[in-house]
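Undergrad: As a plain string of letters, each chain reads:
4 protein chains.
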Amino acid sequence: MRPLRLGMVGGGQGAFIGAVHRIAARLDGHWQLVAGAFSSDAARAHASAAELNVAPDRSYADFAEMARAEAARDDGIEAVSIVTPNHMHAPVATAFLEAGIPVICDKPLTATLPEAEALAETVARTGTPFFLTHNYTGYPLIREAREIVARGDLGRLRVVQAEYAQDWLAEKLEETGQKQAAWRTDPAKSGAGGAIGDIGTHAFNLLEFVTGTQATHLAADLTSFVDGRRLDDNAHILLRLQDGAKGMLWASQIAPGHENGLRLRIYGDKAGLEWSQEDPNRLRFTRLGAPAQWLTRAGAGTGSLTTRIPPGHPEGYLEAFATLYTEAASDLRQPGAAPLLPGIEDGLRGMRFVTSCVTSARNDCAWTAL
Amino acid sequence: MRPLRLGMVGGGQGAFIGAVHRIAARLDGHWQLVAGAFSSDAARAHASAAELNVAPDRSYADFAEMARAEAARDDGIEAVSIVTPNHMHAPVATAFLEAGIPVICDKPLTATLPEAEALAETVARTGTPFFLTHNYTGYPLIREAREIVARGDLGRLRVVQAEYAQDWLAEKLEETGQKQAAWRTDPAKSGAGGAIGDIGTHAFNLLEFVTGTQATHLAADLTSFVDGRRLDDNAHILLRLQDGAKGMLWASQIAPGHENGLRLRIYGDKAGLEWSQEDPNRLRFTRLGAPAQWLTRAGAGTGSLTTRIPPGHPEGYLEAFATLYTEAASDLRQPGAAPLLPGIEDGLRGMRFVTSCVTSARNDCAWTAL
Amino acid sequence: MRPLRLGMVGGGQGAFIGAVHRIAARLDGHWQLVAGAFSSDAARAHASAAELNVAPDRSYADFAEMARAEAARDDGIEAVSIVTPNHMHAPVATAFLEAGIPVICDKPLTATLPEAEALAETVARTGTPFFLTHNYTGYPLIREAREIVARGDLGRLRVVQAEYAQDWLAEKLEETGQKQAAWRTDPAKSGAGGAIGDIGTHAFNLLEFVTGTQATHLAADLTSFVDGRRLDDNAHILLRLQDGAKGMLWASQIAPGHENGLRLRIYGDKAGLEWSQEDPNRLRFTRLGAPAQWLTRAGAGTGSLTTRIPPGHPEGYLEAFATLYTEAASDLRQPGAAPLLPGIEDGLRGMRFVTSCVTSARNDCAWTAL
Amino acid sequence: MRPLRLGMVGGGQGAFIGAVHRIAARLDGHWQLVAGAFSSDAARAHASAAELNVAPDRSYADFAEMARAEAARDDGIEAVSIVTPNHMHAPVATAFLEAGIPVICDKPLTATLPEAEALAETVARTGTPFFLTHNYTGYPLIREAREIVARGDLGRLRVVQAEYAQDWLAEKLEETGQKQAAWRTDPAKSGAGGAIGDIGTHAFNLLEFVTGTQATHLAADLTSFVDGRRLDDNAHILLRLQDGAKGMLWASQIAPGHENGLRLRIYGDKAGLEWSQEDPNRLRFTRLGAPAQWLTRAGAGTGSLTTRIPPGHPEGYLEAFATLYTEAASDLRQPGAAPLLPGIEDGLRGMRFVTSCVTSARNDCAWTAL
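Residue numbers (our numbering), protein chains in the order written: chain A, 1 to 370; chain B, 1 to 370; chain C, 1 to 370; chain D, 1 to 370.
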């Protein structure tokens, strides 16, 4: 199947999430990056394009021009990824939607609610597809959890506990020039929410995605613990959901010991389940009155999930594998560049191991030289 | 940077490891699959090529022909991946090495030790690069562990405990027509080793890779627990290493409760470390007389590893992300095909969440409707 | 040292917490149970006394009579344990305090706040010692945690997350005649709090015990999820503490998959810590910017705690040991009553194991019969 | 029920395991310590007796005299605990057995196999009860595991993996005057086995206890890693069991990061199970083809075990409780001696918490002062 042509706005040198989007787009072979406005700085935009193997005539310094130009080409992009800071989501998305080009947008949707509502109107009016990368919904066991709830295995929903704890903003990182910290703590770029916008929305989205229900009311205690910080860096929230269920949500970027502690626990009157993003290949499921079970990705007792490798291989297995391929490319481009890459000697060594094992076993487990 | 051109032998419809190699090759964008002999059955080979977007004139039914033809092209492949059953590794690798095409070969190297030795001679004589995908060596924390040992943090090495336990061959799966089980338990295709060849070699390789030392002698007790199975499905091995260290290695494919339980524990006179493939983003490191530490991938206290995402994101994070991109492609190809994919409504919902949080917080945490 | 003489009110046949208090009193040998009003039902009180090896003349059916009689004896009790349902704590404690007998009282203090205040006045006026068994404060690593906070290792306190989750009241157990459930869900016996009184107070007490600070305000959402239940079975609480710290507290008796999930997490501006009662011998401690450490009871890096056994022995080690002593008593009282108790054959077997190991090792690890 | 009268040989000041035996004997109230030869040094023996509340006329400096004297008394001891170093087990046990006094003996049975065999003859000839404290067999979930195997849930046994890893002898502790290390590494006091005798016998005993089967052959690789140590401090052992099962056993006292890492894993053709002494309240049980289950002590799906408290309370719960009782005794003996002990203020605080919760909940979760 032919890969689709993809463009990107943002994600140039020094950015983080753009690279993640590019890997994600490549991984299954359904997309090919062919155009981009990787930076609003023209020099940086073109340097990034060169690095990314994007042709010079499809490297743009202006997103509006990119939208126009790509819409006019026969071989124009078939979708655009928007990976800019939050405040740029709305103008960029609008430009491409108006040009009829489908949008894949990072979250949160926009910096402000009015912008979000205007964007929703644009989507509705243009009819152009719009996707939002609430990426945690893509975990196989999150989808399994959703199915478990949907088929009634938890019974009637009672309590939901969601949390997303990090520690990277425990000190005033935004004053050190760290770019990721700077825009996330700036109301002009991030919007009214700090931790709640950056990570609270993930926890909230996941809670609603898995339960299949919606929160109707909340009571929120937001704090900026770091002196002088203008947006919340910690949030304690009480939730009331449809049909009488209740919940709590904790989002924090100042909790030492947490890297990306996104965790979801759901309890109904028949069973409960727990999942943690830092250990994503296991889902704890307990029917009332029975021992706890650990479901594993693609393991016994799970359904037909989107999964690429057999159970027991953490999904990072693929990255480990990819590292070898990448090193092989490095070594071919510059011999000796990948000293850790296994080669023929390692293969011989393995065969000697097997042969020695068989010899020893045949000799009543006698010591056998390798 | 231009991706390198890659060919593949094996890995057609119904195979497992070929798809893993393709994802790994794509992930960082350094390779492009342009040719293949995906099966020795011509029809299957060409059907696989079509699915994989490989041009018909570069789909081969015979690996030897592929080696000749590709070597003759100006735009011929720059490396070939060999993902066939073990007994075919040697002839295929030899053909490509003789043609001057670098080889990336799945493990174990060959089915027999003489074949392996002959292949090593071919590599040496031709001078063509040869890489072996001992993929577990690519895990970031395995490389961190190797560095910890290399810089002497464990002190003098004393004890190594390695194990690789699975349960998928606990019953006679090879009689059910399951292709993966059939060739792995057939001496003609797998060689003299069953579990020790298939997974014991991984544990053994990892043990030597991380310790940077070599085993000199072993005593092995191999068993075929399943009635009528011709190769070992469980191995208990004592090891003696250079410089007086000792070890144990357990490989099993009949241990209920284990999916891919590859685990390594290493102890020196100053410290010890433990790692488990099913939880690959954590490395337990304990200096004698100090509390145990959990090092995380790219986390505090670790070195400059090959890593693509920040700490706390399990590497499966990328797959979850990729699933959204793949679903976006599906939806664009066929609207409605990806019902779980987040869209504009999810974005609006997130913005309402943020806005409600801020409103509630400003009103002394009053209940606020969403 | 002579053990002190102990009396008990409540804790007769069918009770739970009385037996726990008796074991706790015996464990270190500082107490001897010599008197009791084990039940308000005379027959049951005396039968319980006989079982507990309490002399008939010191078995009482009335707690007030017990207080008078014991206060009058030269060898009267030196303290009394109160292990009745909550609503009886105040009258019983008052009677013994007035008689000058020190009180060890189970928690919560009373059924109502006015009762509690009156009791506090009685304690102050009589000057008689009064102890409350907030037993979780006795865990060695809880005391370690308190010291860690007290010496400033967490820095300035920011966030506290406390929870106590159970599932035993997920269904309407109080209607089945289960005595423990019946009084706990009855406002007349338990007071105004259901889950918050029974287990929420534990989490709250522990939070203040470890942090050494106090909550000043709370906002609470209490729910009775089980139809017809008169007291809360789930509580979601926001907390504000002195000096600007904030917290959340979740108490639930309807969360399937939780037995006694008491868990405490505390974050300051320099470090964070986590502890779970179901895994009480480990304390996770993470300084900002350093790898997480797992402190173990009496292990490396911990202070001089109240601890009875070396690190790595879970404290249940003592119970396992005690089981053997109890079975030895059973066997001596009735030979053959303890079939699992190890004996001389097990000892011989162990010696043969050692001898065979040494023999095998001396013969180059040759197989040696046992 | 009247407690039985207990004597003890060994366990005086400076000893470790004697105190553990005394707690174990006290815990369920079935024993009362009334006599002892706590040391072969008379002064130390009598000082220890005084501390332990043993009457002076029943404090002995010579175990043989103790056996004679106690056998002659009407109120003589009904059993004796032997908690000396290994080489004294045989002579002491013999003296008491010959005097008709039942023996509770620490493990391993003796220092040498001939001694053990002679002792077995004495037991047989005298008919006096003899118990060996293989204490790990007393864990509730170990007994559950034994029942699981016995009722055939694992199917036919195939593989057993046992290990007991410690790190306290990683350096030459025996040269520092540490008494526990000194006798354990001295062949004259410990016998032919070092780590295999001290902890290997525990792992071996547990393996046979749980499986209900016996090892028939072993191949052992023993090492003394610490320079100059005369007994093994690390053992790698292959096992062959009855009916074709096989096993491995690792015992080590030089593995940094391990405190008391006793671990047992058992696999049959239908299911597998795993248990670790450092996390003794959980047993992992996996039927082939089903998700892993975690059985908890006294939890759902377990049988009628010897257990003192409800599930979810780790057994250390009792020690935490006991600490409060012990501190209450301290405070009564010397007011102010137990500053951490909860009292009336803590009780009031808890009641204020409950009352505030109820008030807040009734006011739509309004913030309420405590």
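Do not take every clue at face value.
Heads up, the list lumps identical chains together, so a pair's fine if it works in one copy or across two of them.
Claimed, not checked - No farther apart than 20 Å at their CA atoms in a straight line, the calculated lysine to any residue pairs in the SDA-like style are these:
1. K270 / D41
2. K172 / R5
3. K189 / E278
4. K179 / N363
5. K270 / R2
6. K172 / K189
7. K172 / R284
8. K189 / Q214
9. K270 / L348
10. K270 / P291
11. K172 / G244
12. K270 / W294
13. K270 / V226
14. K172 / E345
15. K172 / R287
16. K270 / W168
17. K189 / P114
18. K189 / D41
19. K179 / G212
20. K270 / G301
21. K172 / A290
22. K270 / E171
23. K172 / G212
24. K172 / D75
Hints are computed from structural coordinates only; laboratory data are not their basis.
Undergrad: Each hint needs a verdict: does it hold in this structure or not?
TA: Hint check:
1. K270 / D41: neither (56 Å within a copy, 38 Å between copies)
2. K172 / R5: neither (40 Å within a copy, 47 Å between copies)
3. K189 / E278: neither (28 Å within a copy, 39 Å between copies)
4. K179 / N363: Result: close neither inside a copy nor across copies, 64 Å intra and 32 Å inter.
5. K270 / R2: Answer is neither; intra-copy 46 Å and inter-copy 46 Å both fail.
6. K172 / K189: Close inside one copy (17 Å), not across copies (51 Å); limit 20 Å.
7. K172 / R284: Close neither inside one copy (36 Å) nor across copies (25 Å); limit 20 Å.
8. K189 / Q214: neither (28 Å within a copy, 37 Å between copies)
9. K270 / L348: For K270 and L348, neither the intra-copy (55 Å) nor the inter-copy (32 Å) Cα distance is at most 20 Å.
10. K270 / P291: Result: close both inside a copy and across copies, 13 Å intra and 19 Å inter.
11. K172 / G244: Classified as between: cross-chain Cα gap 18 Å, same-chain 40 Å, threshold 20 Å.
12. K270 / W294: Cα proximity of K270 and W294: in one copy and across copies (17 Å, 18 Å).
13. K270 / V226: between (42 Å within a copy, 12 Å between copies)
14. K172 / E345: neither (50 Å within a copy, 34 Å between copies)
15. K172 / R287: So K172 and R287 pass the 20 Å test across copies only (16 Å; inside, 44 Å).
16. K270 / W168: between (38 Å within a copy, 12 Å between copies)
17. K189 / P114: within (15 Å within a copy, 53 Å between copies)
18. K189 / D41: within (17 Å within a copy, 58 Å between copies)
19. K179 / G212: Neither. Shortest intra-copy (36 Å) and inter-copy (38 Å) distances fail the 20 Å Cα cut-off.
20. K270 / G301: For K270 and G301, the Cα distance is within 20 Å both inside one copy (18 Å) and across copies (16 Å).
21. K172 / A290: Intra 47 Å, inter 17 Å, cutoff 20 Å: inter-copy only.
22. K270 / E171: between (43 Å within a copy, 9 Å between copies)
23. K172 / G212: neither (37 Å within a copy, 27 Å between copies)
24. K172 / D75: Neither: 46 Å inside a copy, 53 Å across copies.
Checked against the numbered hints given earlier, this structure breaks hints 1, 2, 3, 4, 5, 7, 8, 9, 14, 19, 23, 24; the rest are met.
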